[in-house]
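**Q** The lines below spell out each chain.
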Amino acid sequence: MFLEKRPEKLIDKKGLRTDGRKPDELRPIKFEVGVLGNADGSARVQQGKTIILAAVYGPREVHPRHLALPDRAVLRCRYHMAPFSVSRRKSPAPSRREMELSKVIREALEPAIFLERYPRTSIDLFIEVLQADGGTRCASISVASLALADAGIPMRDLVAACAAGKVDGKLVVDLNDVEDKYGEADVPIAMMVGLNAVTLLQMDGMLDPKEFRTALNMAVEGCRQIYEMQKEALKEKYALIREELEK
Amino acid sequence: MFLEKRPEKLIDKKGLRTDGRKPDELRPIKFEVGVLGNADGSARVQQGKTIILAAVYGPREVHPRHLALPDRAVLRCRYHMAPFSVSRRKSPAPSRREMELSKVIREALEPAIFLERYPRTSIDLFIEVLQADGGTRCASISVASLALADAGIPMRDLVAACAAGKVDGKLVVDLNDVEDKYGEADVPIAMMVGLNAVTLLQMDGMLDPKEFRTALNMAVEGCRQIYEMQKEALKEKYALIREELEK
Amino acid sequence: MFLEKRPEKLIDKKGLRTDGRKPDELRPIKFEVGVLGNADGSARVQQGKTIILAAVYGPREVHPRHLALPDRAVLRCRYHMAPFSVSRRKSPAPSRREMELSKVIREALEPAIFLERYPRTSIDLFIEVLQADGGTRCASISVASLALADAGIPMRDLVAACAAGKVDGKLVVDLNDVEDKYGEADVPIAMMVGLNAVTLLQMDGMLDPKEFRTALNMAVEGCRQIYEMQKEALKEKYALIREELEK
Amino acid sequence: MRTLIANIKRKKLVQLISEGKRSDGRDLMEYRPIVIERGIIEKAEGSARVKLGETEVAVGVKIEVERPFEDTPDQGILTVNAELVPLASPTFEPGPPDENAIELARVVDRGIRSAEAIDLKELCIIPGEKVFTVFVDIYVLNHDGNLIDASAMCALAALLDTKMFGYEVKGGEVVIKEDERHPLPIKNHPVSITFAKLGDELVVDPSLEEEQLMDVRLTMTVEDSGKICAIQKGGSGFLTLEEIDKALSVVVDKAEEIRKLVVG
Amino acid sequence: MRTLIANIKRKKLVQLISEGKRSDGRDLMEYRPIVIERGIIEKAEGSARVKLGETEVAVGVKIEVERPFEDTPDQGILTVNAELVPLASPTFEPGPPDENAIELARVVDRGIRSAEAIDLKELCIIPGEKVFTVFVDIYVLNHDGNLIDASAMCALAALLDTKMFGYEVKGGEVVIKEDERHPLPIKNHPVSITFAKLGDELVVDPSLEEEQLMDVRLTMTVEDSGKICAIQKGGSGFLTLEEIDKALSVVVDKAEEIRKLVVG
Amino acid sequence: MRTLIANIKRKKLVQLISEGKRSDGRDLMEYRPIVIERGIIEKAEGSARVKLGETEVAVGVKIEVERPFEDTPDQGILTVNAELVPLASPTFEPGPPDENAIELARVVDRGIRSAEAIDLKELCIIPGEKVFTVFVDIYVLNHDGNLIDASAMCALAALLDTKMFGYEVKGGEVVIKEDERHPLPIKNHPVSITFAKLGDELVVDPSLEEEQLMDVRLTMTVEDSGKICAIQKGGSGFLTLEEIDKALSVVVDKAEEIRKLVVG
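Protein sequences, first through last, are from chains A, B, C, D, E and F.
Just so you know, we're using our numbering here: the first sequence kicks off at 1 and counts up by one.
Just so you know, we're using our numbering here: the second sequence kicks off at 248 and counts up by one.
Just so you know, we're using our numbering here: the third sequence kicks off at 495 and counts up by one.
Just so you know, we're using our numbering here: the fourth sequence kicks off at 742 and counts up by one.
Just so you know, we're using our numbering here: the fifth sequence kicks off at 1006 and counts up by one.
Just so you know, we're using our numbering here: the sixth sequence kicks off at 1270 and counts up by one.
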C-alpha cells in the first residue's frame, strides 16, 4: 500500500547497516528441501525477509513437442512474484523484469546440469517469490539449485548465489531491498563454488574497477558461505529420509 | 448508456413484481428451433427481454488435435455477450464472468449428451446473448439444449433451466435483471426433468436452509414448465419439416 | 511529440502544393535493392519523407505447419510501423490499421507471384515503416515488389503503386501526410503496369464518378512512372553484381 | 483434390455467369431478398437486423460519454467494431477480430465517416472535455456471403433507429435527462455495393459460394448525392480499368435502390 | 487403456465409500487435518497459509486507494484473484488464469460478498472519488484436492489478519498515517464445505484422487447465522434432489466446526 | 547431425582463436568497422543508425508529456524498448518482445540509467504532475551478432541527436514552443563492450557465427570517468574469476576508443 521512504542513513555511525548487519555479514538464511507434495523436487528459502519457493518438474515430455532438443534436455525457468510479495500489489502478469530474471536464472543454472543425459525432455523450474525484500534473483538461484538436487537431477555442482554492492560509499554483501534501491551499486553473482565457475554476473550502479574487484570477492565469499548452508540443508533432508526409512 | 436505478419496491402492495408477474410466474418464453443457416443445429429464445441464440457445430474434427479424447467427444462451450446486450457497452473480449458461465453451462449439458458415441471429435456450442435482462445462464442452457437436439446429437433428456430467488423478502421464480441485481438471493438450476437429475446448481445471496428448499422446489417447477415448452418447440419444428416434406 | 496543425492552404496561389510540387508531380523517389544482409531479398524506398524497408524470407518451410497449402505457397505479409515513425510515438503492438494494410498489401502482391510453383512453403514479407509521411501503403507495395524480385521469386510483373486524391478542390497525385489528412479524398491503387491489371484499389473521402475517373487515371500514370524507377533500381542492382563478379 | 473440385465448380459457375445467369437464378445485377428490421434490442440506443438472403447481421449502437481525441476536441467519436462470432460459420473462430473482421469494420466505418453520415460536431458536450462516443457493433449471425453490404445496410438502419438522451451540463458534470429523447443527427446515408468478378463478368451481392470461387471483390460506397465515398478491393485477383469503369457505371443507381429499402 | 484403469480405480473407490470408508482412512464426513497460520507475509496488509492435508494455499491481502465503481460510489471494492501457479501441480501451466482458476476465485468471492463479510461502506474515503480496494490474492502452492475450501478458509484467515492504516483527507488528497493501524471491518465469517459424489454417497473435503474419480462436486458456503450464502456445483455429473438435501442437512454444523478453526 | 557439425565448426573456431586469429581476419580485441549516422528520422526528436560490420540498428527517440512515477515525482521518465523485427533475421518472429529483446532493452537501459546519462531532473515540468518521458526505441534491422553494443552505441548517438522543444506552463497546462529547441541534457556517455568466450579466450564484438558457437557472453558498460556502470553475463556457460579480470583489464580503454567514435 505504501511507498517506502529512503532511510536517512544506510550505514550508521558504528558502521552497521539498516538491519544491524556488518558490511560483510549475510542475512539469516534458512533453506528447507522437499517442501511441496507434487513437485519432483522442491525447496524453500527465507533470507532476511525474502521468502522464495522453487519447484522442479521433470525430466518430462516437452509440450509443445517442437521445443524438444534431440541431444539434450531443455531447461525452462519461470521466475514469478506473488501479487502480495511487494509493497504495492503487483499484477500477476509477468513483467519485463520477471522475464529477464527468468532468463539469467536459467543461464546461471544450465552450466551445472548434465542436460545431455535427458535428450528430448524438459526440466521445468518454477520459482515463486512470496515476499521480496531484495536479493530475490540470487536467493532464487540458490534455492532452485536445491530443488534440482531434490528432484535427483544430476549436477556438476550446486550453484550458490550472492550479491555484493555499495551503499553510502561502503562495500557490503547481500543487499536488502532498501540497500538495493537507494545504494550506489549492486553486483549479483552465482557460482559453482567447487569448480570456481561464475554462472551469473550482473551489475547496476557505478563502481570503479578496483571497487568492483573488491565487491566481486565479497560476493564470492558470500557464495562460499551459502554453498555450505546448501549442503547442510541437503544433508538434513537425507538424514530425515534415513530416519524415516529406519523407523 | 445509463445506470439503472433501483426501483423503490420489487414487490408491490398486491404482491406483484416489477413486471407485473406473480411470484411463481415465469416470464413469457418463446423458443424457436433451427434459426441459423450454417450451424448443424441452432435455436433462439426470448424470455422476457432476454434474447439468446445458440448454435452447435459437430461432431467434427477437433482443432487443435491434441485436445481430442480417445473415448469420447469433447464438448466445448462459449457463452458470450454482444457488446450492445447490456446498458453500458460491454467489451467483446471474454470477461471472467463469461468464462465461469461457459464452464458451468458446459457442465450442465455434458451429463445429458452421449459423448462416448463420438470419440475423437468435438461438439462446439456457441451461445450469443443479444439482450441480457437477467436469467441468461438458465435461458442459455434451455436454448442450447434445443440447439443440440436440432443438431441431432443423441441425448438422455433435454436440459431445462430456471432460477428461483428472493426479492423484497419474498421467494419468486425466474428473476429478471432488476430482481437479480437488487434482490436478496438467486438460485439458478438446470435439470434433466425426465430423469430428476440436477445438472446445474448455483446460488448467491443469502437464504436459510428452509427458504433454500422452497426456492429449489420453485425452480424445479419452473424447469418442468420450461421442459414442456422445449418439447413443444421441437414438435413445431418437426411439424414444419413434415409439412415441407409433404408439399 | 506534437500535433501537426492544418496548413492554411494545401494549394497556393500558383497552384503548387505544400511541398512545392505541381498537382501531377510525384515526390522524389529513391529505391535501393538488396539492402539487408540476412533477408533472401530486400529493398528500401525513400519517397518524400516516407522511408520504408521491405524484406522477404522464403520460399521456406511453413510454421506452424498446418498453414501450408498443398498446391501453392502461402504469402504472408506484415506491414508494421516503427514507434518513432510518426509524430506521436506509436505502440509497437500492431494496430487495426496495420492489420488491414497487411491484408490489402498482401492481396495487391499475390496476383503477381507464381505461388503455385512452391507448394507447401511460405513466402514471408516484412515491411517496416521507419518514417511515415503519407502514402505508406503504396510505397510499401512498390518496395515490397522489389524485395520479392531481389529474392528471386518469379513474378508475372512488378507491382507499382501510387495514390491520387483531391486537396483544396484540386486533383493531385502521390499525397503526402498533410494532404492525406486534410484533403478531401485519397485513392491509392497498385498495378501490374505491363499487364494493365489493378491489384489494389481503395478510396476514402468523397469524389463524384467523374472526378474519380480522373483521379484513377492520374494514379495509373503515377504507377507507370514508379514502374520505370523500379526497373531502373533492379538494373542498377544487377549492374553492381556484374561489376563485383567481374572484379 | 480439393482444388480440383473447386476448379471444376468454378468453371461451371463462370460458364453460367458468362451466359448472364447465376446458380440461384438471379440476374447478374440483382440482390438477394432484403429484410430489414429496426429496434430489435431495447437495451441498445439503436439496433437493427438485416437478412440478405441467408446472410444475417445484427447491429447495436451504444452511446457513452468519453474524452474527445486531442486533435478533434470539438467532435464526438465514432467507433465501428465487427465480430465474426463463431455461430455464424464453421470457419469463424472465437477470439479477437481477425483481419477479415477488421477489414469489414473498417470498410463500413470508412463509408460512414467519409460521407459524414453522423454530424460529429453535434455530439460534442464540453469541447476538449466530454463528447458522446457512438459505438456501432456489427454482429454477424449467419455468413452466406457479402457481409460488407449486409453490415453497411444494418449499421445505417441501426443509426437511423438510434435515440440520444437529452442532457445538461451542471458544474462541469453531464446530467442526462432520461425522459428527453431525440434522434442521432444523421446527415447522409452511405450505401455500399459489392461486386464479385467471376471470369470476365461482374455480379453484385455475391453469395458465399460465389465468394469462394471469385477472383476478386470490389466494394463501392455511394452517398446521397451520388458521390463515391469509399472503395475497397479484396481478394487475390486483379481488375482491369474497364471493369472498374463498368462497376462505376451501375453503382450509383444500384445504391439508390438499396438506400430506399434501408431509409424506408 | 487409461480410461480402463480409471474405471477400475473408480469402482474400487465407490465400493469402499459405499462401506463408509475412504482410501486414506477418513470417515465420509471428515476433513483432513487443517493447519492455519496467519501473518506469513509482512509486506502484505494481511496474509495466511492453510494446509488441508497435503493441499497448501497462501493468501495475501493488499489494500490500495482507487476510484469507486460508478454504481457503488460509497463503497470500497473487493477483488478476489486466484493463481494456480505451476509449482503446485504437474497439470497447472503458466499463463493467465484458466476457467478453473477463475471459478475458484469467483466461488470464494461470492461467499465473502454474499455474506457481506467485509463492511465495504467502511472502506469509503471520499464518496465517488476515493475508496479502499481490498485485493485478495489466492496462491495455490500444492494441489491435493479441495482447493475451494482451502482457499476460502485461507482467504478468511488472511482477512482477519489484515491491518488497515489510518488516514485523513487533506485538500482532497488522502494522507495515510502509518503509525495508526486498525483491523479490517469484518462482519461475517463465511465457510465453504465441499462435497464429492462418488456412486450413491457424498463425502466432504475430497482428496485429489477422489476429485479425479468423482461424478460431481458440490460446494455450499455458510455464514455465521447458519444461512447459505453461496452454492456451486462442479463437474460433469448430476445430483438428485435427495442428494442436495443430504448435503444441506450436514453443512451448517460442518461449517461451524471449520469456522471455529479459522476464526480461532 | 546438426550438433555434430556445430561441434566440428566450434573446434575449428576455438583452435583458430587460440592462435589469436578470427575467421574474418580480425584481432581478438578488434571491433568490426563502425558507421554511425545521426538524424536519419526527421519525425523523431532524435535518431541514429549504426552499422557494426553487417549488424545494423536504428534508434528513434520520442518525447512525450506524461505523469511522473509516484516515487520520483520530480524526475522525467526514461523508457527503453527493443524490437527484434522479423526482417532482421530468419530466427526473429513477429509478436511481442521475447526474452532476448527484453534483455537487450534492459541492458542498454541499465547502462544509460546507472551512468545517469540523461539528467532526468531537468525533464520535470510540474513536480508530481507533468514530466517529459524519453522513449528510446531500438530497432534491429539486420542481425549479424553483438546486438547489445550496436544498440548501446546507437541509443547514445540518438540521444545526442535529440532536440527538445521549449515550453512554458500556463494555468497548469504545458504550452510547447515549437520554434525554441535545445539539446537533451546529456551528462554522461556510457559505452558497452561485449566479449565472447570461446575455449580459453575472450574476443570482443562477436560476430553472429561466434555468438552461435560461444560458451558465454559478457557485456561491461563503462561511463566517462572509467567506472563500470552495467554488467551482463549471457549464455549457458560460465566464467572464471581470471576471465572476468581479463575483461576488466581491457574494457575501459576499449570503451574510450568506441566512445570517441560515437560522441565524435
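Treat each hint with caution, since some may be false.
A short, non-exhaustive set of chain E residues, derived as facing chain B with CB atoms under 10 Å [as the list claims (entries may be wrong)]:
1. Asn-1105
2. Arg-1111
3. Ser-1119
4. Asp-1220
5. Val-1221
6. Ser-1230
7. Lys-1238
8. Thr-1245
9. Glu-1248
Heads up, incomplete: computed chain C residues facing chain D, CB under 10 Å, no partners named [as the list claims (entries may be wrong)]:
10. Leu-561
11. Asp-565
12. Val-580
13. Asp-698
If you're looking for bench data, these hints aren't it; they were derived computationally from the structure.
Note that the structure is predicted; figures quoted are calculated from it, not measured.
C-beta atoms are modelled at their ideal positions from N, C-alpha and C, and glycine is treated no differently.
**Q** Would you list, in rising numerical order, the hints stated earlier that this structure does not obey?
**A** 10 and 12
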